[in-house]
Amino acid sequence: MAPELSSRMRKAHEAFRKLDKNPITDKEVPAEDLSLRQIFETEQDQEQFFDLLRQKQRAEAPAIVDALVRNVPLEKLRPHTIELLEEVRKEYNHRKTELREIRAELDAAEMAEIGKMDKRLATVVGQVGPQKAGELFARELERLAFSDSTKYQEIVAQLREKNKREFGRDAVALDKRVAERLRGLGISEEKYFEATKGGPSAETERKIFDLVSERLTGWRRVLRWIPLSTVRRDKAKLYNDYLEQERLLAELDDRRADVAKLLQSTITPEHQIAIQKHIVEGSEIMPYQERVGTIDELKSHMEKVEATRKKDAMQKRFNEFFTAAAKKLKEKDPAKQQPDNNDIAKIKDDFAKAELKRLKEYKDVDYKKTTFSALFGAVFDLLFKIPGNKKTMLKEVNALKTPQEQQAPQQQQQQTQQQLRQQILDQLRRQGISPGSALGQAMLNAVQPTGQKKKKRR
Amino acid sequence: MELDRIKEQVLALLKNGDEKALEKFLVQNFKNLPDEVQGKLLVGWFNDAARKMTLQEKALAALEELDKIEMSLREQLQSN
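Chains A and B, in that order, are what the protein sequence lines are. FYI, our numbering numbers position 191 of the first sequence as 191, with every residue one higher than the one before it. FYI, our numbering numbers position 60 of the second sequence as 60, with every residue one higher than the one before it.
Bear in mind the hints are in silico, worked out from the structure with no lab data behind them. The reader is advised that the hints may include incorrect statements.
Taking lysine-lysine pairs in the DSS-like style, the calculated list, with each CA pair at most 27 Å apart, reads [what the hints assert, rightly or not]:
{"hint": "1", "chain 1": "A", "residue 1": "Lys151", "chain 2": "A", "residue 2": "Lys90"}
{"hint": "2", "chain 1": "B", "residue 1": "Lys24", "chain 2": "A", "residue 2": "Lys385"}
{"hint": "3", "chain 1": "A", "residue 1": "Lys116", "chain 2": "A", "residue 2": "Lys164"}
{"hint": "4", "chain 1": "A", "residue 1": "Lys132", "chain 2": "B", "residue 2": "Lys31"}
Construct all of the structure, not just a fragment, from the sequences and the given hints.
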């Protein structure tokens, strides 16, 4: 590996590297400070670093990864590339520090508390034991830290939020409070649940958070909840108009009903599923082509992935990839008739990387935030064994044939038949037998080349 | 072998299209699942539970606020 960044640059950053914060408690803790050389010593750390680099979504990221894998010395990289690497190195170390601290926080006591948050959690933590549950949780969080920053940060924020509460969060007690409050409103479950008429939307959820987080008073608070068209726009004065006053109060009742409906969904699973469908359908279109939100969508997603994993599908993709790569090589070097062994090895390596990237996208497909998003991701992982790294994928790719290798047996067969035909013609000539005679034709027809129809004897 | 049996059952439940039954099955057989799958479920369910509890707490607070808004509205109406 090439020399590190200049010592002057290194020292300039030393002050920042010494301490970091525990992401859950905010306590100051020693910071991880691995150099690029150290990160690249192990395959796992290296892959995590590359994943973080790719998440930067810079156009040059794949080329940088390629250069690093080929051990291109750092001084041969451009200055802004070196800056990017340093930026990612700092972020990588920050993540490593966070993960180290989180691992320590997720002890048996903490996992027992987490178990109280949900019946499913209580059951499974009980099955494997809180210590093992903590290890599993930490490992999954580590995977997310380098593959899905958004999800990782969401989970860390939730762990942090949980930690703020002195006595933990008891799901059962909270459900009881919700049920009592709803009973206090004097409205039954059935009345609230009219999911077919549309339900609270993601917009309602957002408004709830806005309402309780802001310090708005008076009319500004009211206007948050009531559409402006309902209120006359001139300085939001209340008019002595009985109808308008009644309308405003009716609007408030509707908003209260929206909130109550959402609350109801949190304690009645069947309602929750239906409400979630409305939230999902009303949610923003994500930039992925595929999103999974229902069991049927999961089934078709899995069928699609299964089809692409079949050997003939993979061979077809490889043929196209190889042809395109060979064409590029020829454009670079017109004297090259076809790829040599080194070229073929590089093409296979690149194809393995492309396949792995594609499979990771299938694995990390966007599971809509529904009741069963955790379930769907886990079922996919359970039923599909996707190669964990490029080395494993390369084993599959090496079993594929290059276009030349696929043609060769046919060519060889054709050549053998042509050779035989020529031998027979030579023999016929030596023996003075005309190739056009009945005997000559019979002998030649016996080694008819593939694809040619045998001529019928007349 | 246990894992093969679980996979077969999961496939069958998947074909039936019943999410609740599938989830129940995975909860019951959790300890026999591969580590990676266990981890994914643990974090996923934690995420679900945390979101739900946060929503409940804030929604309860929202109902309190709405009651206060209504009270102040009615007082203003009466004073007008």
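Which of the listed hints are broken here? Structure breaks no hint.
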